[in-house]
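Trainee: Line order of the protein sequences matches chains A and B.
Start counting the first sequence at 1; every next residue gets the next number (my numbering).
Start counting the second sequence at 1; every next residue gets the next number (my numbering).
What the hints contain is simulated information worked out from the structure, not anything from laboratory work.
Think of the CB as a built atom: it goes at the ideal place given N, C-alpha and C, for glycine as much as any other residue.
Among the hints, a few may not be true.
To be verified - Label-pair distances were calculated between CB atoms; the ranges are:
1. B:LYS406 to A:SER43: 45 to 55 Å
2. A:LYS94 to B:ASN424: 19 to 29 Å
3. A:PRO40 to B:LYS406: 36 to 46 Å
4. A:GLY55 to B:ASN424: 44 to 54 Å
5. B:SER253 to A:SER58: 51 to 61 Å
6. B:GLU69 to A:GLU150: 18 to 28 Å
7. A:GLU140 to B:LYS31: 25 to 35 Å
8. B:LYS406 to A:GLU30: 30 to 40 Å
9. A:ASP131 to B:LYS238: 14 to 24 Å
10. B:GLU82 to A:GLU30: 29 to 39 Å
11. A:LYS12 to B:TYR289: 50 to 60 Å
What the hints assert, rightly or not - Simulated crosslink set (BS3-like; lysine-lysine; CA at most 27 Å straight-line):
12. B:LYS464 to A:LYS87
13. A:LYS147 to B:LYS73
14. A:LYS144 to B:LYS347
15. B:LYS100 to A:LYS139
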Amino acid sequence: MDKNKIQHHIEKYKSLPGGLLPLMHAIQDELGYIPEETYPLISQEMSLSVAEIHGFVSFYHHFRTKKTGKNIIQVCRAESCQAMNSKSIEIYLKDKLGIDYHEMTEDQKFSLEPVYCLGNCACSPSIMINDDVYGRVDKEKIDKLIKDIE
Amino acid sequence: MTIKIYVPIDSTAQSLGANEVAIAIELEAQKRNLEIELVRNGSRGLFWLEPLVEVLHNGDRVAYGPINEGDVKSLFDSKFYEGGKHDKYLGKTDEIVWLKNQERLTFARVGITDPLSLDDYLDHQGFEGLKKAINLEPQNIVDEVKDSGLRGRGGAAFPTGIKWQTVLDTESTQKYIVCNADEGDSGTYSDRMIMENDPFVLIEGMIIAGLAVNADHGYIYLRSEYPHALDVLNQAIKIVEDNNYLGKNILNSNKNFTLEVRRAAGAYICGEETSLLESLEGKRGLVRYKPPLPAIEGLFGKPTVVNNVISLATIPIILSKGAQYYADFGVGRSKGTLPIQLAGNLKQTGLIEKAFGITLRELLYDFGGGSATGKKIKAVQVGGPLGAFISEENFDIELDYEAYSKLNAVVGHGGIVAFDEDVNMAEMARYSFEFCAIESCGKCTPCRIGSTRGMEVIDKIVAKDEQPKNVALLENLCDTMVNGSLCAMGGMTPFPVMSALKYFPNDFGVESKPSET
């Protein structure tokens, strides 16, 4: 963990009202996750207890405290996608990558996460790879997307 | 002469390959030595036709869609830039029936303009509402909003003007405008469309809200699943600031309003207004007790207007065209228009802005074209994951807050998700509880524990384990959740559950319909 980097973000958000939320985003954007080792430093600088920081981070699905794969694949599990058989997409992806939700492939290339709505409901089923959404996905489309990344 | 071509930049259009189409068009034009101007416009919301490519021909926009990369060469071969015929030719965009049969007020510009062109915005009545508001007294602005009959489009349908009045009447040196852009309901995407495709209208609405209640700072609490909207909003705020519509001394009026976007972090509950405020304050998104109302003690304890994206984006047209113009649309106490979003298993999905009063049957069949799979539509969930499932016997009820409320259903944020006959409604009811268990903030017992117990009871009913006793228990549990939960998460999860059981008892293996709850 690069303490200076964390310190830099803390300086930016320390005096901002409600700054913990953007601070945690900044750390996760930089490192890919929020290492628990950062808690004591954040605690000291933001005048919060370590327990409060743990409580905050663990509340939000978006924040992670473990390293993830280089690419994060989010599969929409919400109703609109269910209506277009997203279940088969879930099963296919888990099987293809050999991992379950919240896990990372051995080569650390992919992590798989469930998501509840990507706002792409007009073109269900949808998945998101990093910051890009893909609509009306099927097995062939998934094969192609994964092959392109590999 | 330069040829003007439009390829949408909306993220759903992108999810279907719009960026690749745009690149292919530029390359093909270069190859043929054609001079083009490529505009990345917003989406018209006809998502079954996306990517929808348009070309300006003799003053009209002509549409082709859905276009994929592979179609681009043949589009040029057929001289689409002169309005030439092609398999994917759709005629003049404005004449497409799906679009023509709408009443687009909030979405008037969406799909037409370049989302980040201020000139385009100004050419299409942009900032006319603000220019009117800036010369009015705060009370006059609030009165205008009250008279329009606008009700919160996020789902709760509380009259927007009354909320504003409370904030205006509460004395404080600091007040806030908070835009709830945590659009978490499945089947909804109208907030996203506004933010990506016409961000200036939301900003304009927020500035007017600030003028109306004497607030000088606003926050847009944006869900983290919308990275494209984040980027567009930040760019739009910068453009508006640089042109003196936002910041200090707006349009030389001595009035100030500043605005920032805060990214949410993937908690559905933060769409609930008090949970959202906690999150904005940098805390766990635990729901607050009410009272005090956020309008009196909201963000950082200050009087705060919390409005949904669509409510705020509708303010400019109410101000520019007048309250009466808006109130003339709609039925009963549901005045104005609702941006309806067709989703799930339908042939023709997309955004339909219509006056209240349209029926589900018209939406599903006239607009939606029936199910995508060609099978019978069995159930429709209206209003997101906390909305009831509607069965065919109620497809003819007019979309209206009060009529839906009589059905124990909600219009909500206007999301409509259709399911064909392959759906098992007991599984959907179980999923409603599962979702509630995943997303509950945990503050109140009925929601935190009731959701998990609910899944177990449904499993027992389906397994025919002491079925009559467990059906009664489920009804009892739902009653406790409806009446004992702190907010809509626990309080409305029973809506989809009980509607599934009531209209589709066979899916639960239950022979007779349960009693009314």
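Trainee: Now look at each hint and say whether the structure bears it out.
Mentor: So, going through the hints one by one against the coordinates:
At roughly 52 Å, the beta-carbon separation of LYS406 (chain B) and SER43 (chain A) lies within the given 45 to 55 Å, and the hint holds. At about 21 Å, the beta-carbon gap between LYS94 (chain A) and ASN424 (chain B) stays in the expected band of 19 to 29 Å. For the pair PRO40 (chain A) and LYS406 (chain B), the beta carbons lie near 56 Å from each other, so the given range of 36 to 46 Å is not met. For GLY55 (chain A) and ASN424 (chain B), the Cβ-Cβ distance of about 37 Å falls outside the hinted range of 44 to 54 Å, so the restraint is violated.
The hinted range of 51 to 61 Å is not satisfied by SER253 (chain B) and SER58 (chain A), whose Cβ atoms lie roughly 46 Å apart. A hinted range of 18 to 28 Å for the beta carbons of GLU69 (chain B) and GLU150 (chain A) is consistent with their spacing of about 21 Å. Checking the proposed 25 to 35 Å range against GLU140 (chain A) and LYS31 (chain B) shows it holds: the Cβ atoms sit about 29 Å from each other. Taken as a hint, the range 30 to 40 Å is violated for the pair LYS406 (chain B) and GLU30 (chain A), whose Cβ atoms sit roughly 52 Å apart.
Between ASP131 (chain A) and LYS238 (chain B) the beta carbon distance is about 20 Å. The supplied range of 14 to 24 Å therefore holds. Distance hint for GLU82 (chain B) and GLU30 (chain A): a CB-CB separation of about 51 Å, inconsistent with the stated range 29 to 39 Å. Taking 50 to 60 Å as the suggested C-beta distance range, the pair LYS12 (chain A) and TYR289 (chain B) does not conform, at roughly 33 Å. Taking the CA atoms of LYS464 (chain B) and LYS87 (chain A), the gap is about 25 Å. The hint holds against a cut of 27 Å.
Taken as a hint, the LYS147 (chain A) and LYS73 (chain B) pair is honoured in the structure, with Cα atoms around 26 Å apart against an allowance of 27 Å. Restraint check: the Cα-Cα separation between LYS144 (chain A) and LYS347 (chain B) comes to about 25 Å, which is no more than 27 Å; the hinted pair holds. In summary, the hint linking LYS100 (chain B) to LYS139 (chain A) is not supported, as the alpha carbons are separated by about 36 Å, beyond the 27 Å threshold.
Hint compliance for this structure: hints 3, 4, 5, 8, 10, 11, 15 are broken, all remaining hints hold.
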